[in-house]
Each structure stands twice: as C-alpha cells, then as structure tokens.
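Colleague: In case you want the letters, here they are:
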Amino acid sequence: GNSVTQMEGPVTLSEEAFLTINCTYTATGYPSLFWYVQYPGEGLQLLLKATKADDKGSNKGFEATYRKETTSFHLEKGSVQVSDSAVYFCALVFPGFQKLVFGTGTRLLVSP
Amino acid sequence: NAGVTQTPKFQVLKTGQSMTLQCAQDMNHNSMYWYRQDPGMGLRLIYYSASEGTTDKGEVPNGYNVSRLNKREFSLRLESAAPSQTSVYFCASSGTSGRAGGTDTQYFGPGTRLTVL
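Protein chains in written order, with the working numbering: chain L, 182 to 293; chain A, 1028 to 1144.
No lab work stands behind these hints: they were computed from the structure. One or more of the hints may lead you astray.
Said to hold, decoys possible - Derived EDC-like pairs: lysine to aspartate or glutamate, alpha-carbon spacing no greater than 16 Å straight-line:
#, chain 1, residue 1, chain 2, residue 2
1, L, Lys280, A, Glu1086
2, L, Lys258, L, Glu196
3, L, Lys280, A, Asp1083
4, A, Lys1041, A, Glu1106
5, A, Lys1036, L, Glu223
What the hints assert, rightly or not - Where chain L lies over chain A, by a calculated footprint (3+ residues, C-beta under 8 Å):
#, segment
6, 1058-1072
7, 1135-1143
Don't be surprised by glycine CBs; every beta carbon is placed ideally from N, CA and C.
For reference, chain A alone in the conformation it holds in the complex:
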C-alpha cells in the first residue's frame, strides 16, 4: 500500500516550457487535490476533484490545468511555465465525495520540487 505517489520528485524547467506532474493514490479515495507550498504562505489549493469526472478551481488556479484520468490518477499540467510557479507541489486524496459533513483526513504525497528558470 503506497498511499499517494507523485512523479517526478524534482524538475527544472525553462520559462515557457510545459510539463505534467503525475499523482496516483491506491486508497480508493474519491477526492484528490493539488496544492502548492511557498515559504511563509502555507499550502494553497490549486485544483481539486471531488469525484472521478469532476474538477474545480481552488485558490490559485491560474496557469494550471488538471485531468482526473480515472479514480486513481490526478495530473497537474503547466502549459507555459513561469518563474512564479517555482514551488513545491503536493498531491493529496481523501475518502468522501463532498457530501455535507465530509471531513475525512487528507493524505499527502511526498511532493514535487519544481524550479522554473
């Protein structure tokens, strides 16, 4: 049982390049999330998927797109990377599908450290 896995662990891009961050979970969770972590700002939600087939914007969605490929996988794409997207990216998953009262714990992956030059 690997939990939440992310690839790659590290990536360096040049401004304007594109890339996709991969995330997979093996806990049969309905909901998945992408966060970015920047010094002094905690974690901020980029996008989330309450259930397979749905995605919604979070706090900081500009410059990103997501795909919920199936129940296990949720990818984050940077179409044209910018230095402001240098950050550590975390994927997370949780068990509920957004119904009232859902407060399930979110389980986090190990993160992807992205640098955009």
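Extracted from the complex, chain L is given alone in its bound form:
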C-alpha cells in the first residue's frame, strides 16, 4: 500500500542551525507531495507542496524537492528560528483521490 515514512523526533537544534527532516514514500504511480506544519495547540497548515518529479516547493525559507528516483521529499531550511518549533508532517495524495496519507510527524524544537 501507499505509505510515508518520516524520521523520528524530536529534532533539537539551536537557532540559526541547518535543518533537514527526511521523508520517503512508497507508492505505485506519481503522487503529489506535501509538507504540513502544526504549531502547538493548532491545526495543520500547508507549508509547501510539489506535484511532479523535480519540482521544488518553497515557503517561509523552507524547501523540499520531489525526487522520484529516491522516492523522497526531504524538508530543509538554512537557518531555523525559535518560532519554527512545531510538528512537521509529510503527506502524499494521488490524482483522482483526495485521501491524504500522512507520515507520523517529526517534532522540531529550536532553542535560542
């Protein structure tokens, strides 16, 4: 079946450090890929997305590139801030279906 695997958290970084959160997927076909972010006490918000191979999604300094050859969609940011502390979810959806398949989430903690 279709699935998304994310690195276990928490990821603990100091402010201005480089961030990578790994995401790989298993799917037959070519899904669209998403990163959602959940701040404490809130619902999920779309952070970025990519709909085809080699697309790069970007938002708020975060980037992720759709790599079909490695079935990956790793999230990166060059310099994290304390305000980036949140839980990050990788997800996929197939054209013709609307059911998002989520990874288990990765908690990011950024200290001053």
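Fit chain A to the given chain L structure using the hints.
Modeller: Here is chain A on its own, set in the frame of chain L:
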C-alpha cells in the same frame, strides 16, 4: 473569513455516552474530511465527503457516523463512546470534488480534544 471552524474545542465523555462534533467551512469547498490524531500515528482519515450529499469511509470508520448537512457543514457522531476514541479530531476541507487530477490543498480546523473515561 474564518476558514474551518470546529466545536467544541474540548470534551470529556464517559464510556457509552454519545456526542456530535461540529465542523463548518466558509470557503465554498466541495470536499470535507474528518481525521483523528494519535501520538506516534500521524493523522488517520475517519470519513470524508467528496461533495454535498455523499460520504465515504476512510481508514478508521468503526464507531463513527457522519452527516454532510449542507455544503458548509460536516458533523461527526460518536454513538457510544469508548476509551479508544480518546484523541484529537480534525476537520478539513478542500476545493475539488474528486475528479481525476484533483490535488487541492486541504485546510484544517483547530481541532477538538476528546477524552473518553
């Protein structure tokens, strides 16, 4: 423009009690969803409604029922709550109605934290 709203924010039930979680969206979206979020398991789809008048089961539908009251509102009902239904429940909506190629972003509400004793 409030987006997706959910009520209540918190609820405590005893085993066997029933309740309805309410969700409304003001974005004129066709599709709506109910998820539950449990530690270490991400979000799992309970039910969804691709368009007004239709509902379908998701990954974990047992113990729940839904009603798509109109285009704006999609409610989730627990007929006889069980401790295993203790979770955070999220409602979401998106713009397409399920046709091929639809990959619209899902917009989430703030969640309802439910505890069943």
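Colleague: Are the hints correct? Go through all of them and say.
Modeller: Each hint, compared with the structure:
A threshold of 16 Å between alpha carbons decides the hint, and for lysine 280/L with glutamate 1086/A the separation of about 9 Å falls inside it, so the pair holds. Proposed proximity of lysine 258/L and glutamate 196/L is supported: the alpha carbons are some 12 Å apart, at most 16 Å. A C-alpha spacing of about 11 Å is found between lysine 280/L and aspartate 1083/A, which places the hinted pair at or below 16 Å, so the restraint holds. The suggested pairing of lysine 1041/A with glutamate 1106/A holds, with an alpha-carbon distance near 12 Å, which does not exceed 16 Å.
A hinted pair counts as satisfied when its Cα atoms are at most 16 Å apart, and lysine 1036/A with glutamate 223/L qualifies at roughly 11 Å. Counting residues of the segment 1058-1072 of chain A whose beta carbon lies closer than 8 Å to any beta carbon of chain L gives 8, which reaches the threshold of three, so the coverage claim holds. Here the segment 1135-1143 of chain A counts 4 residues with a CB under 8 Å from a CB of chain L, which clears the bar of 3, and the coverage holds.
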